[in-house]
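Visitor: Please arrange chain P on chain E, whose structure you already have, making use of the hints.
Heads up: the protein sequence lines correspond to chains E and P, in order. Letter 189 of the first sequence, counting from 1, is numbered 189 in my numbering, and no numbers are missing. Letter 148 of the second sequence, counting from 1, is numbered 148 in my numbering, and no numbers are missing.
One thing to keep in mind: the hints can contain errors.
Said to hold, decoys possible - Partial selection, computed: residues in chain E whose CB lies under 10 Å from chain P: (1) I13; (2) I35; (3) P41; (4) R42; (5) D171.
Stated by the list, open to error - On the chain E side, residues computed to face chain P include the following (Cβ under 7 Å): (6) V10; (7) A14; (8) R25; (9) G27; (10) R28; (11) V31; (12) D165; (13) W168.
The hints are simulated quantities; they were obtained by calculation from the structure and are not laboratory data. For each residue, glycine too, the CB sits at the ideal point set by N, CA and C.
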Amino acid sequence: MTDSELHPYVELIAREARRPVFTDRMGRDRVMAAIHAEPVPRRHVRLWERVLEPRSFRLSPAGSALIAAGLVGIGVIAGVTSTNRDVRSPDGQLPVADVRSHLPVSDTVVNFVFIAPQATNVSIVGDFNGWDATKTPLVRAANSGRWTVTLPLTAGRHLYSYVVDGAWNADPNAPIAPDDGFGHSSSVKIVSRGSAL
Amino acid sequence: MSDDAADVQRVLAGDVDAYAALVDRYYDRCARFAVRMLGNRDDAEDALQATFLRAYRALHRYQERDRFSAWLYRILVNQCRSIAARRSHRERVFVREEALLLNAPDRTPNWTGEEEEFVQRVLAELDPLLREAFLLKHIEEMSYEEMSALTGVGVSALKMRVKRACDRLRERWERIKND
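So that you can see chain E by itself, here it is in the shape it has in the complex (with noise of 0.2 Å):
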């Protein structure tokens, strides 16, 4: 409905709700006085982020003939025990260690399940996708209300809910995450270490 469809009455109650109210000084005062006792919020700075962080840092003429000569022989070391060397079995297949190596970096791998026979749409949201609904979409089975999805993880305590249709909901068969002030309830998943396969 548009506002040029609206009941005159209506719209008069619109209009009228839409002039501004009378806020005091004080208020917004009071606000930044609260603010300033508070410790200053710090983005949150992942463990890789710092060890890609550009650093610049000075090297002396000889240490970086140094380090070259090193990486020389290094070169020349892989160079001579990786000749004629095949990793693969006689059937083509990668061994099992290289197969895991070609795995997103995780602890564990988890399947999410929701029942939802009437939804048309869900997904899940959570730290480990940055709570991007469009991120991470379940698959429904076939004649089923059954969604799901496998997901790597790392070890840890992870939040996250389903977005079915548009709406939040908390996973019925895990524990509630506590309220986040945002009024979607979350769930609770701890990984531990395990098997990535």
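Guide: Coordinates of chain P only, in the frame set by chain E:
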């Protein structure tokens, strides 16, 4: 980068006073929603205090791809819901609070007060969920997609709530006309 995103970056870099710019930018708009939703200034100010404080504490979680106003509104809507739920068993103090509001010394010029009292009373008659949807749509002038993102309610349910709110208001008009 928007002004909002730049201010958020400054706060996260340690410049706490940059948050005052965000408070100044959104305080009046949030106040209007809170007063219209809760019906009195005390509750509205509680909601505003809690909203700006919670937003500050969670600022490191704000993603620049989201609009700051939508992110802030999500917190505000939930604070208003919590306060409304807490006071549901409390005696309504509407009339007394309205009187205080209307007697405020530096209220908007040319504001007769009668319209304010009238509109607050009419909105208070709506069920809270219908009132919330009506305010977001026709007072804050949000799209249904924006409303859905900040309330977690589906678009069709929100459309139904707005329609019902308009129906209730129209029914009220019919009653007035026939009296």
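Visitor: Which hints from the list above does the structure break, by number from lowest to highest?
Guide: 5 and 8
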